[in-house]
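Visitor: Read off the chains here:
Number of protein chains: 2
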Amino acid sequence: MSQSVHVRAFRNLLGDGGVVDDPERIATYTTDQRQLFTGSTFAVLKPATTEQVADMLRLAAHHRIGIVPQGGNTSYCGGATPDDSGRQIIVSLERMDKIRELDPIAMSISVDAGAILKNVQEAAAAVGLLFPLSLGAEGSCRIGGNIGTNAGGLSVVRYGMTRDLLLGIEAVLSDGTVVSDMRKLRKNNTGYDIKQCFVGSEGTLGIVTGAVLRLVPLPTRRATAWLKLASGAPLAELLSLVRRESADLLTTFEFMTARSIALATEAMTGPPSVRAGSGGAVLVEFASSSRHLDLEDLMEAVLAEAIETGWIEDAFLAQSGSQRTAMWRLREAIPEGEKRRNGSVKHDISVPISCIQRFLDLADTQVRSYDTDLELSVYGHVGDGNLHYNVLVPPAVDRMEFTKRIESSLSLKLYDTAAALGGTFSAEHGVGRFKKHLLERYGDVGRIAAMRRIKTAFDPADIMNADAIVCPLVEKSAR
Amino acid sequence: MSQSVHVRAFRNLLGDGGVVDDPERIATYTTDQRQLFTGSTFAVLKPATTEQVADMLRLAAHHRIGIVPQGGNTSYCGGATPDDSGRQIIVSLERMDKIRELDPIAMSISVDAGAILKNVQEAAAAVGLLFPLSLGAEGSCRIGGNIGTNAGGLSVVRYGMTRDLLLGIEAVLSDGTVVSDMRKLRKNNTGYDIKQCFVGSEGTLGIVTGAVLRLVPLPTRRATAWLKLASGAPLAELLSLVRRESADLLTTFEFMTARSIALATEAMTGPPSVRAGSGGAVLVEFASSSRHLDLEDLMEAVLAEAIETGWIEDAFLAQSGSQRTAMWRLREAIPEGEKRRNGSVKHDISVPISCIQRFLDLADTQVRSYDTDLELSVYGHVGDGNLHYNVLVPPAVDRMEFTKRIESSLSLKLYDTAAALGGTFSAEHGVGRFKKHLLERYGDVGRIAAMRRIKTAFDPADIMNADAIVCPLVEKSAR
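Chains as they are written, first to last, in UniProt numbering: chain A, 1 to 479; chain B, 1 to 479.
Hints are supplied without guarantee of correctness; some may be wrong.
Heads up, incomplete: computed chain B residues facing chain A, CB under 10 angstroms, no partners named [what the hints assert, rightly or not]: (1) L173; (2) K184; (3) R186; (4) C197; (5) V199; (6) T220; (7) D248; (8) P352; (9) I353; (10) S354; (11) G422; (12) V431; (13) Y442; (14) I454.
Computed far set for chain A versus chain B, every beta-carbon distance over 10 angstroms [said to hold, decoys possible]: (15) S2; (16) R11; (17) L59; (18) G86; (19) A125; (20) A326; (21) D371; (22) T403.
Quick caveat, the hints were computed from the structure, so don't treat them as lab data. Even for Gly, the Cβ is constructed at its ideal location relative to N, Cα and C.
Full structure from sequences and hints, please.
Guide: Now the structure itself:
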């Protein structure tokens, strides 16, 4: 059947506002966030209700039309971009972006999966609660995408990843079956917890249409400090000390090398308020919802203890909101600084926290022996064992060509090193299309077999985001 | 083939110590913890290695011998007890009970699934860390069982359930496939998180043989208080206040009715150190690993605020370890008190925290209209919305007969009420055999369909703990 016939059928189901087939408007959906790949599609579907999602999927399955769910299109792994066959169709839940219910006493919020993360954060804050998921793309990423990628971000050390914040789900399988489990319960041991399957599934098992999210008391006090690291300071031991003595009120432990801080500084106007130590710097933040705790006293006591170890050269406690903002701005400007330079080849590596220093040492040696001229930008959520180990694209070099070269050579050596330490090639960014070969290279055989069983159970015909993560067990027939 | 031939074959695989077929020794495995059901088996298998588990499962699958994994046999739902056909075989990992590795800096512990919970707690404490899972059966339950049932317990409000404490897993599927994902990573977004499937699966998808568990800094300071509740005090609002003002240092918020406290008192020697208020009592505890926080000051400030609301009649802050122990002893003696009386019919209910009071009011009316002479013991982990709503078996009444009568009448009304409030019939105890009909009654159709797809994907022949939770999609052939 021709694609125009399909478009007409989808328009019958979803209405005029539910189907975009104008090539210019389509083009805003077909390139991934990092602009590494442009796919092709004949339409973008925008269902407005869960029932429409189910009808749409049944129709797609009937005609074996591949579906690529897309949230805010902020994936770093090409997980929301169709292939270049032109036969897959994009589904966006941007018309399903409502807050369904907020229960301040149960500390939960029920939302459409198309809700933008920042809107969820703001709705929670309005009633004195916090939705703790926080990441660079929060102004445009959507909850469905956060669930599909098990998004991490800046507060994982305290509050966990998206998985840890998910209480309930509503999702539609590729045959139109609606799984409805929109409960706001902390505890519900009644068989397999189906929502866990969708977390991190990157749209390959079905379309998440709704979610119940866990909220926590809104921190009303914060203490923020900038720690200039001494050369050779043991990051993991410093983290242990800070976690323990902060009584787990630690919400941020962000490590930055001097090079990353310099890049960030270049991207900012005016001189930086703080600088790196010879071993880099750590941004530390404590947060508390209690009026009865003096967090600055606590931070001062913890910093005094840390300075005594000799691991930090100096520490600055933010004395005002603007000092705090300036410290955060440095951390947040790093990706911008990389972009201004000529971009970077990103490695979203995670290792056991006890192996962070070892990884840094081994990886630096590998980079130097690969090419002594390469420059690095290394920073990350060390509180979770997560390093963004990025190789800067040299100025005036073709970014795509350089990326391909590094990813097929040096990157594999870095991932090998992470794997040898019990680590992983993707801490929080996911697999998508770009890292599928890495999953094959590093994934345990039994684990991948189990993953393929799950894919087969939910989407045997490989309709849902085919080519991301894994394929079903049986050979797929031609679409 | 005869069962003695099977026993010989298993003995060949597992050695003499790996097979128990003496009826007297078998009898210690075939009755459930609550002594509600006695099943039958021809052997108990005790593999000593993961490879033996795989060999054993391949042999069992080949001969279509049903397998019932059993941890410490402390299930409240009959999930570890074979049926009475005599054709299922029990598997115990009691010979696989080692701590494999403890990494204090990564704050993780790797264990055999047969490790006893208390031994894991003690190993962590020996290096200044806490494994936060804590429950009545901790001296005999095993980690594999905790994972299989997603065990909750006394510290969920702060640290979450077993699912939240699991970093890595090793498991064997019914066809002998070993899934090995024993990583100690906080973040690892590399496809479907297979370990989540096993959490709460009650042995129906495979046998968990190893686990990596998350540890947290060991609290070195605690503040414990006993709150006498005023009549009609809003529990959920009190919890909100205490959570917020404790800065999330709250580890315990255990509610007890006056009747439960009286039962506990009867089970203890000597007079109780604290008593119930007219609305019952709440045991509250804060814990911190920091030397720089005065938790008693914090508790006093929070209690002063709580008293001002009028919701509590009085509050006692434990002034010594023995006062703290006495408060805890009252909470912990409740099940014992129920047993001394003549036992109870247990309802492990969870509702959204905002609906706790409404559930208590509605349920009490239902109980009174069912039989005005019935007595209740109601208590629970209200910090998680979890109530143990137990109907006492009247003295000199047959416990089994009474239980069956209540469970087929009043219990359903109570569960209906919980369900109408968005709650559940099983907060932390699981489904097992005893609550399978409840899953059918209350489970969302789409969710159950998805559960059956997962069961089918992992165990199509229904070898693993058949009759617990759900059956596969296809008709099972005769075994």
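Visitor: Given a cut of 10 angstroms on the nearest C-beta pair, is the interface hint for B/Y442 held or broken against chain A?
Guide: At about 8 angstroms, which falls below the 10 angstroms cut-off, the nearest Cβ of chain A leaves the hint on B/Y442 intact, so it holds.
Visitor: Beyond 10 angstroms from chain B, beta-carbon-wise, is A/A125?
Guide: About 14 angstroms separates A/A125 from the closest Cβ of chain B, which puts it past 10 angstroms; holds.
Visitor: For the hint on B/I353, just tell me whether its beta-carbon gets within less than 10 angstroms of chain A.
Guide: 5 angstroms, holds
Visitor: Against chain B, does A/T403 hold up as non-interface, every C-beta pair farther apart than 10 angstroms?
Guide: It holds; A/T403 is separated from chain B by about 20 angstroms at its closest Cβ, greater than 10 angstroms.
Visitor: Closer than 10 angstroms between Cβ atoms is the bar; does B/D248 clear it against chain A? Give me holds or violated.
Guide: 7 angstroms, holds
Visitor: According to the definition I'm using, a residue is off the interface if its beta carbon is farther than 10 angstroms from all beta carbons of the partner; does A/R11 meet that for chain B?
Guide: With a cut-off of 10 angstroms, A/R11 remains clear of chain B, as the shortest Cβ separation is near 27 angstroms.
Visitor: Would you check whether B/T220 satisfies its interface hint, that is, whether its CB is within less than 10 angstroms of any CB in chain A?
Guide: Holds, about 9 angstroms.
Visitor: Next item in the hint list is B/V431. Is there a CB on chain A closer than 10 angstroms to its CB?
Guide: Status holds, d = 5 angstroms.
Visitor: Close enough to count: is the Cβ of B/V199 nearer than 10 angstroms to one in chain A?
Guide: At 7 angstroms from the nearest chain A Cβ, B/V199 passes the 10 angstroms test, so the hint holds.
Visitor: When the nearest CB of chain A is found for B/K184, is that gap smaller than 10 angstroms?
Guide: 5 angstroms, holds
Visitor: Under 10 angstroms is the threshold here; is the Cβ of B/R186 close enough to any Cβ of chain A for the hint to stand?
Guide: Status holds, d = 4 angstroms.
Visitor: Holds or violated: is there a CB of chain A closer than 10 angstroms to the CB of B/S354?
Guide: Nearest chain A Cβ about 4 angstroms off; hint holds.
When the structure is compared with the earlier hints, no violation turns up for any of them.
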